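Participant: If you're matching them up, the sequences are chains A and B in order.
For the record, in the first sequence the residue sitting at position 106 is 106 according to the numbering used here, with numbers rising by one throughout.
For the record, in the second sequence the residue sitting at position 454 is 1454 according to the numbering used here, with numbers rising by one throughout.
What the hints contain is simulated information worked out from the structure, not anything from laboratory work.
Just so it is clear, the structure is predicted and the values come from calculations on it, not from any experiment.
Hints should not be assumed to be uniformly reliable.
[Unchecked claim] DSSO-like, lysine-lysine: derived pairs with alpha carbons at most 30 Å apart: (1) Lys-173(A) to Lys-1471(B); (2) Lys-1351(B) to Lys-1315(B); (3) Lys-1025(B) to Lys-192(A).
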Amino acid sequence: MNSIIEQSIKQKRTVLTELESKKLIAQYGIETTSINLARTEAEAVKLSDNIGYPVVLKISSADITHKSDAGGVKVGLKNAAEVAEAYKNIMTSCLKYCPTAVIEGVTVQDMAKPALEVIIGVTTDPQFGPVIMFGLGGVWVEVLKDVVFRLIPIEKVDAQKMIREIKGFNLLKGYRGQEPANVELLENLLLKVSDMIVKNPEISEMDLNPVFVSKDKAIAVDARVILFK
Amino acid sequence: MNVAQKSQDQITPDFSTFDSIFRPKAVAIIGASNKEGSFGRLFLEGIIKAGYSPIYPIHLREKELMGLKAYASIKDVPVPIDLALLMVPYSEALKIVRECVEKEVRGVVLFTSGFGEKGEEGKQAERELAKIVAGSRTRLIGPNCNGLYSPAVKLVSLPGSLITGGVTTEAGTLSVVSQSGSLNDFLVQTLTRKNIRFNKTVSTGNECDLHAEDFLEYYGSDPNTTLIAGYLEGIKDGKRFYQLAKEISKKKPIIIWKGGMTEAGARSAVAHTGALAGSSVIWETMFKQAGIINPNSFEEMVDCILAFSWTGIPKGRRIAILSSMGGTNIGTTDNCIRAGLEMAKLTDQTKERLNQLLPGAGTSASNPLDVGVGGMMNPKVFAEGMKIITEDENVDMLMLVADPDAPLSIPSIIEAIPSIKKPVTVSIFDMLDLTESHYRKFLEHRIPVFHEPKRAVAALAKMCEYADYLKQYK
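Kindly produce the complete structure, drawing on both the sequences and the hints.
Facilitator: Have a look at this one:
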């Protein structure tokens, strides 16, 4: 069993933190934004200096899964002073949101260059087992529900068809002078997710939302992995 | 353990049991009766009449039924029994299935209803039944099912087909598995009249032992079956069904109508066979990924079976339309485009040949092709036009909308179609008595014919989807 999953099961947790989720998917070759944990304000500033501005700070706590709702996400931080300020604000509002939360610290992440947002998800169907989903991400997934599914495991031809089946495929091809997204990287990403689920049957659900896709990158900006109870 | 490994572990095919079920050396009818109007009488009389032999009727008191020696218990029958058909009261069912197990009957078909579909007590009785046959030489079909049909051995045990008659014992290559008994029966009655011949059909009822996926697997490996059709409401082992279908559909098409694809439909499915219906989007995904052709009505299912049985798979999506009706050609073109087909662009050479065939048509020939009154006046125009169009390299398939006003053209059309190497379907607008005999003629000659061009379009589009599936694995 994968050690990240094993540790979570030992601690009787079914929801992996963003940090754990990203470390896990990185092991299967899925590119993510840089992930570093800072346990103190000073560490947060030091990590931000190393990564280079602007940066994102996100709360890291197994007890807080809806990080934005808790006031646990600050983006576009341009310098050390803003990082220090953001760290304090995150701690205050998260403890107000959930006073009993065990807080590990904050994750410091680079700001992914804005690009087209897609979602890749996994869910478990009671009849057919794990299923992979692909669609337009960000706000579009909720409004348009422009998503397609396949049973896992998928083959390359499935990945190719999934991407082309969504109504918004023209957006990926480059719309009104926008740079086209790298469809082949997306295909590989779908195959990597399928492979990861096959190798880790403990996973019941997963969201990579959003994944930023551009000409040369397909990068998971947020990740959430959920295990079977 | 991944899905594939898990599924393979669960598969323990023992096809000899299925061979015994569909080609039994001896059949016992338990609950056979002399009483006019009873099911026991209907089955016994019908099965005898269809021609199956030897039959061993079982009746507690009677010594002879319809001229056959009757036995008080299946255990008294002096020869081994491969298949037992049970039309017995609910209260007797468990006891009699036990006797069948002791007799080492290979297959038991339990028609009796009132089990899991009724409630918890019935479900418990089904679990008992499963326990009784577990580990024995006996496998159980049902309960709450409607029997099977195996023309190769002249065995017909579908009540509707026995009542309406006309079911043939001529065997074909279509095999059916249905979770609805009446649908199995309807398919046999409908398609037999449309000149389709079956290899095997079975209705699986509540599936307390043998499941739809078991029959799918058997048909998949059965050399006499080239086309599989089914009606499903829910599957007990979805992963296994998917894995089997994905492999089988690489060799032979599988056409499945799934009931319970909407929430209201799903609720009545639970009440109907006691199976859980899955969420529709995942089912649709599964069908697509496994290469299963998925019609959504009885009519569309029948249409697909005609098309898949009698024409080849189109090489591409380029269709040509030939008719004498300019107006409906335009509407039908819309339907082709909506269904994902493409209008073939005829070559100049084809156009030239068509212009020669249709002097005075006024405009240059194009697709869709309207032969105008030429078709009424010259009975050869349709047949010649079909040949010319299908010889065009840009055409993958042809849809002929035949003219009910031009009955003289029909014999030459029927004569021309077998020599055409590309898929051809025929549509004739339904004009009751005027067109009835035309349909029959096309069906007699194994040419897929439809009452409405849109239905031909739908069937051809399904064939194109299947062609795409096959291409993935080339």
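Participant: Next step is simple, just say for each hint if it's right about the structure.
Facilitator: Here is what the structure says about each hint:
1. In summary, the hint linking Lys-173(A) to Lys-1471(B) is supported, as the alpha carbons are separated by about 25 Å, within the 30 Å threshold.
2. Distance restraint check for Lys-1351(B) and Lys-1315(B): the Cα-Cα separation of roughly 22 Å lies within the 30 Å cut-off, and the hinted pair is therefore satisfied.
3. The hinted pair formed by Lys-1025(B) and Lys-192(A) fails the criterion: a straight-line CA distance of about 53 Å is larger than 30 Å.
In this structure, only the earlier hint numbered 3 is contradicted, and the remaining ones agree with it.
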